[in-house]
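Residue numbers (the numbering used here), protein chains in the order written: chain A, 1 to 199; chain B, 1001 to 1428; chain C, 2001 to 2676.
Everything labelled a hint here was simulated from the structure, so no lab data went into it. None of the values given here were measured: they were computed from a predicted structure. The beta-carbon is built from N, C-alpha and C at its ideal position, and this holds for glycine as well. Don't take every hint at face value.
[As the list claims (entries may be wrong)] Here are some of the chain B residues that sit facing chain A, going by a computed Cβ distance under 7 Å: (1) GLN1072; (2) TRP1098; (3) ALA1320; (4) ALA1347; (5) GLN1350.
Residue-level listing of the chains:
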Amino acid sequence: MTPAIFPGSGPAPGPAPRRLWQRLWRWLALTVVAGLAALIVVAFVGGFGRDPSVVTSALLNRPAPPLAGRTLAGPPFSPATVRGKVLLVNIWASWCPACRAEQRLLDSVQRQLGPAGLQLVGIDMSDTVAAARAFLSQTGGQLYPQIEDPSAHLAVSWGTFGVPETYLVDRAGIIRVKATGALTPGWVRQYVLPVLDRR
Amino acid sequence: MSRLAAGRALAVLALAGAAALAGLGIARALGAPPPAGVQARALAIETGLRCPVCQGLSVASSPSTIAAGMRQIIVAQVRAGRSPAQVRGYFTARYGPWILLDPPRRGIGWLVWLAPPAGLASGLGGIGWLLRRRKRGGPAGVIPPDAEARAAVDAACHSGHGLEDDEVAAALALLTAVREDPASSQHAEAYAIGLAAAALAAAARPPAAAHPAPALPAPGPGDEGPLPAGPAAGGRTLAEADPPPRAPGPAARRRLRRLALPLAANGFAAALAVALIAGLHPRAPGTVPTGTFAGSGAGPLAALRADAAAHPRDPSAWLALGLASDDGGNLAQAYQDYSRAAALDPAALQPRLLLGSVLIRGGSPAEAVRLLTPLLASHPGEPPLLLALGLAQKAAGDPHAAAMLRRYLQLDPSGPQAAQVRALLASR
Amino acid sequence: MIAAAGRGALLDGLLAAAGAVFFWWRAARLQAGEAGPAGRDYRVARARGRFFTALAALGALAACAALEVALISDDFAVSYVAANGSRHLPLLYKVTALWAALQGSLLLWLLMLTALAVAVMFGSERAAGQLHPWAMAVIAGVAAFFSGLALFTADPFTVISPAPANGPGPNPLLQDNPLITAHPPLLYLGFTGMTVPFAYAIAALVTGRTGPAWLAVTRRWTLVAWTALTVAVVLGGFWSYTVLGWGGYWAWDPVENAAILPWFTATALLHSMMTQTRRAALQAWNLALAIATFLLVLLGTFLTRSGVVESVHSFTQSSLGPVLLGFLIAVLAGSGTLLVLRVGRLGAEPGLPPALSRETVFLGNNLLLAGLALTVLVGTVYPALAQALTGNQLSVGAPYFDRMTVPLALAVILLMGVGPLVPWVHAQPARLGRRLAVPSAAGAAATGALGVAGLRGLAPLATFGLAAFVLTAIAGRVAAGAAAERRRGAGVLAAPWRAVARRRRFFAGMLVHAGVVLAAVAIAASSAYTTATQATLRPGQAVRLSGYTATLQRITRQDGPRRDTITAVVTLRHHGRPAGELRPALSTYPTAAQAIGTPAIRPGLAGDAYLVLEQADPAGRWAVIGLSVHPLVDWLWIGAAVMAAGALAAAWPDRRRRLPAPPRGSPAATLAGTRP
């Protein structure tokens, strides 16, 4: 008989014997495939409809960082203005289009809710005094103190991811809610009013 | 010493010299680094923190203004003597563990650190199994292809005809492909080499061997014509063999049986996915281990101190100063400030709660218990008071602690500290 | 009118693709029947399949042409043009605006896929045999899916009324640099090209034929797609380095990772296919690699277009995400099931000998590349998974990826040097040791010399040593081949060329390895030894770093309808000698919130000087200039070009040529004349 020299030139084998471990191997392999599919679904299905760049603040329900610095009007910021009040700390910048959009709402919130004990404080992040003053005179924001923060140190101590962001601080100095992006009247109604009314 | 031995000794010497040089170089490269200045230490921390504004860049490489501010804060803290863990803790307290570019090695974090080595290990195991599997010999009369190829390689190399040994081996193995795919002309040249080498091997074998001459397919007409196809010696390769015949039976039942396995597998996957998605519930925010909650520098503290000095009878000024000192880690100062705030406002609960917390952290829980217990009468049913008193009693070893903590949980089951308190109660 | 034409073309493409699927499937079933490939029914089905495939390609081409016409003619009634076009764009950027946003880029993807289907249809039919109709059916099916996606979920041809007067233009970063003409099309060519090995793998599983026909076809198309993907990924790094201004070229961004994942598995597939050519082993593994490559391409598309991960590349969220996820899961489940069920029918594989041989080295290579793919995949998916399971938001960034991938990459480079020296089938340790001696000595000496000279860091030092090892090993192979040619009678100068020409594929692979090694050296040097500094300068002041002196001359300002730009004019000197004038700039676009910087680079083979304008006074009195020096980074681009050249040389089809007759009187001639 001619010897077979090269690989694969022997007689063809019969049907593979269906031993138990081979069938078990199939089930196991299929389970692995199914598990992989389940893992992918679980990982990504929760992400739909959610903005991936928004991160939950780590400061919620913790004491608010201190507010200090020079105001845009000139004199240093005095903590007396915020003592015993509910605070809305709004971080903004003159180069930010969304800040322009929410400014009118912020002014009206200060006007209407100021007597009830609400105090708005602005932090002007990574900005020049000239540009910020131009923004104030054009768009608004002169009803409440504005702290200048050109090096973003104050904003970083508040855990800022970008502008505009707003923090709601209750009378005890605990941060209750954080808003990312421009404020809406609905947000004010939903979150600010209950804190104002609670004594 | 013969020329060959001298040459070999020289070669070994050269190799040893190169190895020694490499060792020296590596030792020098790994040796004690020069003492790192403030900038270098700050850079090491910056590369591990994520810029909040950019997508995925580290604070060290980000051009944004927030990252510039963070860099300045890091340099100031490093200059003030804080350790890298403390600096990272400062940022983690404000941004959460998201700000760290290295996933934490806690909880589910083990997955990301273990998965690659586990994958590599199982791959190595698979390769080992694959290499060991080939133990069964072929049917009688079939020469294992490896032995034949090996023999041909050895013979061709040692016969002094100057062929590259791996060329020969490659050509030998290519002959299989040639036989299967006659249309490909690039194998024709390999065929010629292989033919010569195989014949050399046959010629080099001692005449007493029992192997008959290897049967090779006849060379085709001309050098580039297609070779005679297929089954010259030994049948088609297994790769081209027809699939084995299936068991006979009604077609529908066979189809159902074939579908059962994949259907079951996909049904299991769907059930698993549903169970996982349904079982997920949002975890309580704020249950994040943090480092020291450090203040943002001397500036605001000085302003608050000035404010308190300007209004010495105002309890909230001292409270704010105390909060800032507390954040800065200065418990002694915070204790004094809170005490003054509490003295100025006898009815307020918050300064006393904060005082109690400072006492617990400062190591005097018994005094905290003494301070807070009288308040139970004046402020019944206030969850923060129950929590503070319960924690103080627990730290002081008071047996009433568990009852107090449970009362707190009853009144405020979904508060921010509820999960921690439950864990505390469960751990005893 | 244009919108209606475009939408009609898309619909036509979808229907044609569906028709193609049907007829190719029919042809595949008929070819196995009694009449076989010669039967009339088969030929009719095949002809119709070819017709519908070509029609689908024409439909995609017409849709792209319609959108291009709308962009170039400023037809702002079409929603895509209203969102991404602008009157002020130069013509080049109007053309490239086609793929600057999600809907248009999907059309480009569709065009590439259908053109590829036509190329496969004409080019591979003869070689693929029975696999061909099944593979064409699969490719047509994928094309049908993407046509439906473009038509129903991401339609660029919606009409807006009344039409706006002008559009905002594409993302400012995409109207800045001519690289936009090359990077996305090459990337999509690489991605869609990976559909072909997948289609042939499915065909092989269905028919049970994983022999040389499958190997030849898969190898050719995988090589083409691999080349395009390599060049595209490195172009992306080049863009990041020259345009984005942070001085780096790879940020382990989720979408960047998604582009490199199929690259790892495709490289593993190219190597293990060589093993299957020699010995019919690892068939199932090769099929799994081909399927995995396509699945990773789908995952990459999903990550980019669904908006579930935050990335510098991601488009905004749309309903595309769930549909793509569903398709990915369906393909995973279907092909995984098919693989598991059919793998037993591929026939018993002759195993591998448990000895050191090139086959086992290739197994090691596959293990390492699969490990690299797994590491990058776990790191990319982990934040989403952790958030889904625990609610915590976590990040996985450069420190993790660098720590986990660098050791594996170094091991791959080591095998790159050892592998070509190990013979097939069986390696004798003594001979192997002799072959490895000189390269090992070169590598060790390089490591030692550089370490003693003062370079710090184990990883860069190891990279340089391994690079010397691999390059010496390759040179040794060329020398051995040249010596063999000399023995056959060639001249001294002609011998190396003859040797390379004789084993063209092998030495083309060695060229690719050399390119990889150059790129690795560049990456090691530029990551470990880059220095940077920053200073606030007035005109006339200078900043110094590593022998470079950058002096600010003046600050100029230019306002235009598209953007306002502040430019700093800086003169550079290197070790006292003038090195040119550079102009880093800072531009503000009306639509972007922050200013976008443009760096200025002075390239050099030993290192680049990199200037960035970080902040500038609008009145021109001061500027904050950042200067950094990146050693050896240009070798990364050179290495990528070498890789591409080597891959193209390997893929070049053979010329049919006459073999030279063996020299008279040699044993080969005597034996060649003998007929057994």
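Quiz item: Under the criterion of a CB-CB separation shorter than 7 Å, is GLN1350 (chain B) in contact with chain A as hinted?
Solution: Status holds, d = 6 Å.
Quiz item: Going by Cβ atoms only, is GLN1072 (chain B) closer than 7 Å to chain A?
Solution: holds (6 Å)
Practice problem: Verify the interface restraint on ALA1347 (chain B): the C-beta must sit less than 7 Å from at least one C-beta of chain A. | Solution: Since the shortest Cβ distance to chain A is 14 Å, the answer is violated.
Practice problem: Would you check whether ALA1320 (chain B) satisfies its interface hint, that is, whether its CB is within less than 7 Å of any CB in chain A? | Solution: Hint on ALA1320 (chain B): holds, closest Cβ of chain A at ~6 Å, below 7 Å.
Quiz item: Do the numbers back the hint for TRP1098 (chain B), that is, is its least Cβ distance to chain A under 7 Å?
Solution: Given a least distance of 5 Å, the restraint on TRP1098 (chain B) holds.
The earlier numbered hint that this structure contradicts is number 4, and it is the only one.
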